[in-house]
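Colleague: Chain A is fixed; fit chain B onto it per the hints.
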Amino acid sequence: MMRVLAANGWTAGLAGLLVLLLVVTKLIQPSFGVSGLDNLARSALPFALATVGMAVVVIAGGIDLSIAAMMAVASVTAAVLMDGAGDGQAVFAVLAVLVVGLAMGALNGALIVVTRVPDIVVTLAMLFVWQGVALLILNAPGGGAAPWLRALAVGGVTLPGVPPALTDWLPRGFVFLAVVVAAIWWPIRRSKLGLMFYAVGSDSQAAYRSGVPVGPVRIAAYAVCGLFAALAGLAVTMGTGIGEPIPGPYLLASVAAVVLGGVVLGGGRGGILGPILAVIVLRLVRMDLTLLSVDPNTAAIIEGLIMVGVVMFGAVLATQGRKT
Amino acid sequence: MTPAPAPSAALLDATGIAKRFGAVVALRDASLQVAPGQVVALMGANGAGKSTFVKILTGALKPDAGHVRIRGRDSTVASPAGARRSGLVPVYQEPSLIPDLSVADNLRLGDTPVDRFRHWISQLGLPGLRQDAMIRALPLASLRILDLARALAVEPDVLLLDEMTAALPTDLVERVLTVVRAQADAGRSVIYISHRFTEIAAICDRATVLRDGLTVGDVAIEPGIEDRIVEMMLGAGVATAAGTARRIPLPQSVPRLSVRGLATGTRLTDVSLVLRPGEVLGVVALEGQGQDELFDVLAGNRRATAGTVEVDGHPMTFAHPADAIAAGLTLVPGDRAHALLMQRSVRENIALPLLARFGNWGGIPARDERTRVGAAIDRLQIDTRAQGEVRRLSGGNQQKVTIARWIAKGVQTLLLFDPTRGIDIRTKRQIYALVRDLADQGAAVLFYTSELAEVRLACDRAVVIFNGRVVDVIEAADADEPTLMRAAYGLTEKTGLIDKTGLIDKTGLIDKTGAVA
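Note that the protein sequences, when read in sequence, are chains A and B.
My numbering numbers the first residue of the first sequence as 1 and each following residue consecutively.
My numbering numbers the first residue of the second sequence as 1001 and each following residue consecutively.
Isolated chain A, as found in the complex:
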């Protein structure tokens, strides 16, 4: 019971921190409002989706260093397929990108399971492979995105029959994120597969002895990560309208958010909501530092210190909790 409270307490704490930061932002920049929130949502969306993918793999006891490169492959694939295409073809393009993402992830996982080379080495190697593949598909930023797809993540929510003023403040980016996570992760988490992710991450030996097919479960975790990487890559294209063949700063950001979000590196513990909140917190901190016109280099140092500080604070809380 204490443990459940502690686990949810961490997420609640992050939510509190987020609210606090929003208030601070409003104080720094009194004009921060609907458009500011929309900006935040749009910039956070690819980071958040990448973080969810990373969180799944880390929960299952692995890590995927190729996540940003897979995003690049997804982004250029989407942009090339949708360039000048009609709406119907764009739907097909989106589905194709998701399948590509699943396949990339599954390949990462299969290599790790079959070759028994450590995950960190395999995915580091695959980082270069996927980088090359992305540049082969599109050697410079370009391509296009279907307008309806872009509209999914840009602007406020409008519902037919409801006055826009009531719903307009809620950015579509956040709604998109919530829908995607609810549609993909929630069913997995409730299924036996989700349980097996936690089991393999917690103690793969015990999982094996309990009859869990450890290898296939690992591969599935990497495939789910690939799927979220594809969604994140798609989000990049949705945000910019073009395909980006050069991987962005998503790898380290996603690992940082996973750790900050209460997922234990090494596996078995943590959830998805914490890392999502953490990634938004980290984006908001960066935004506030920019608003305060802090030198970007200094800002990076501050972000790093915040991470160490928060994780240390969490460890202190955990030991205190154990003592009482």
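Keep in mind the hints are simulated off the structure, nothing from the lab.
Idealized CB from N, CA, C, for every residue including glycine.
A hint or two may mislead.
Residues of chain A clear of chain B, computed beta-carbon distances all greater than 10 Å [what the hints assert, rightly or not]:
id, residue
1, Phe32
2, Leu98
3, Val99
4, Val117
5, Val133
6, Asn139
7, Gly155
8, Gly156
9, Gly201
10, Ser202
11, Ala300
12, Val308
Which bits of chain A does chain B cover? Going by a derived footprint, with three or more residues having C-beta under 8 Å, they are [unchecked claim]:
id, segment
13, 187–199
14, 207–218
Modeller: Quick look at chain B alone, frame taken from chain A:
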């Protein structure tokens, strides 16, 4: 000594099982038959191949030869899940529950029928167990019970229990034994692996004995059979080599190390011993009887929950290995990889303890180091182009390095944990001689060994630990293998655990019908 009649329709039938790992032959020709309604004990000394056999039966390993049949169907299975489907469910020595999941989630993971699980968990004495409890938060004894209840809930044809009762308090042991016996009485089968003759006598019908990868015997359990089983586990022709035990009695001096009533709250429950300067004191115990914990406490790796440790007459508590080293106690761990810097040279490894002191971060007195290290290497006859990396040495030479480093430093009390495991006979002899040399120079040596014959070869006396307690102290002259083996299995007068003639009925623990007295 009556051979059990071969069961005609064996529920489980494993025949001619062989398995090798590279050059090491773990199993030559192991077999096991279990008839419906029987509890069969699987026994064997350390290194007999028992754990490899268990892994093959449960599908974690594939045999090189032989077959396993359950209900007549071939089930040389490829995975634990496969073994489960064919009707054999194991409860392993280490709990196979996922620490970060709740009890309920663990049940879901293995498709365990919850109602039957509830039934068994209350039968086994834990009715208050909450389904939402995290496994990580539960004590080890509860986990063993949970594992057993989970196995029983799938109603297996054959239940395999590996050291099921090792971590359990007495009341739970009784419940487990009752339930296990009832399984057999209901026509199912149980393979029961245990070091405890009392339990085997109480619930088993037969015992199958392994030695050196061979099934050497299959006997019915009857009064007085334990002598015969010990004999089978040891085999004929127990070697008698000349020992190194000191011939002249030690002068009565202040003990270097005096341990009283030591307990760790886990496996170690009550150990007392006295170690004098110049003495080599053997420690004999089966796997997991508390010897690891004893050495951990003495080396400062773990704190005791009860009892006292005195060094040269002064009471001590060690908060850190550095405290133990400062008090002159140095541990040579059983796992060489834990003690050595594998990628550094022999010279550096030997020199490290000389340097590793707080307040000594500065220069290394090179000449002094060279002399001491050189002397230690000569003394040990380490076959080495001594500048090479330690990991390139043979296991025996590595072990010598772990001891050499403490000679170079000058040692008062040496704690050796199974120092000769897996090394050749010539190196072993060198190590015995070295240990004796150290003792003759006034060092006190505590020498745990998993090889019973070594007690005679290397020690003056030996304490025997069983179930976390010292059950016997045996002089080297009397320490032949059968005596040590009997003591290690708790078969001594002093414990009062078992009566040599009348078996278990007299202990009043349990009778064969399964009723708890």
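Colleague: Look at each hint and say if it fits the structure.
Modeller: Evaluation of the provided hints:
1. For A:Phe32, the requirement that its beta carbon stay farther than 10 Å from each beta carbon of chain B is met, with the minimum near 40 Å.
2. Against the 10 Å criterion, A:Leu98 stays outside the reach of chain B, whose nearest CB is about 28 Å from its own CB.
3. Listed as a non-interface residue, A:Val99 keeps its Cβ farther than 10 Å from every Cβ of chain B; the least gap is roughly 29 Å.
4. Once the 10 Å rule is applied to beta carbons, A:Val117 is consistent with being away from chain B; the minimum gap is 21 Å.
5. Here A:Val133 stays apart from chain B, with its beta-carbon at least about 35 Å from theirs, past the 10 Å limit.
6. At roughly 44 Å from the closest C-beta of chain B, the C-beta of A:Asn139 stays outside 10 Å, upholding its exclusion from the interface.
7. No Cβ of chain B approaches the Cβ of A:Gly155 within 10 Å, the least distance being about 41 Å, so the stated non-interface status holds.
8. Listed as outside the interface, A:Gly156 is consistent with that label: its C-beta sits roughly 40 Å from the nearest C-beta of chain B, beyond the 10 Å cut-off.
9. A beta-carbon of chain B is positioned within 10 Å of the beta-carbon of A:Gly201; the least distance is around 7 Å.
10. Distance to chain B contradicts A:Ser202 as a non-interface residue, since its nearest Cβ pair spans about 4 Å, not more than 10 Å.
11. Annotated as non-interface, A:Ala300 keeps its C-beta farther than 10 Å from every C-beta of chain B; the closest such distance is 33 Å.
12. With a least CB separation of 25 Å from chain B, A:Val308 remains clear of the 10 Å interface cut-off, as annotated.
13. For the segment 187–199 of chain A, the stated coverage by chain B holds: 5 residues have a C-beta nearer than 8 Å to a C-beta of that chain, and at least 3 were required.
14. Using a Cβ-Cβ cut-off of 8 Å, 7 residues of the segment 207–218 of chain A lie near chain B, which meets the minimum of three, so the contact claim holds.
When held up to the earlier numbered hints, the structure conflicts with 9, 10 and fits the remainder.
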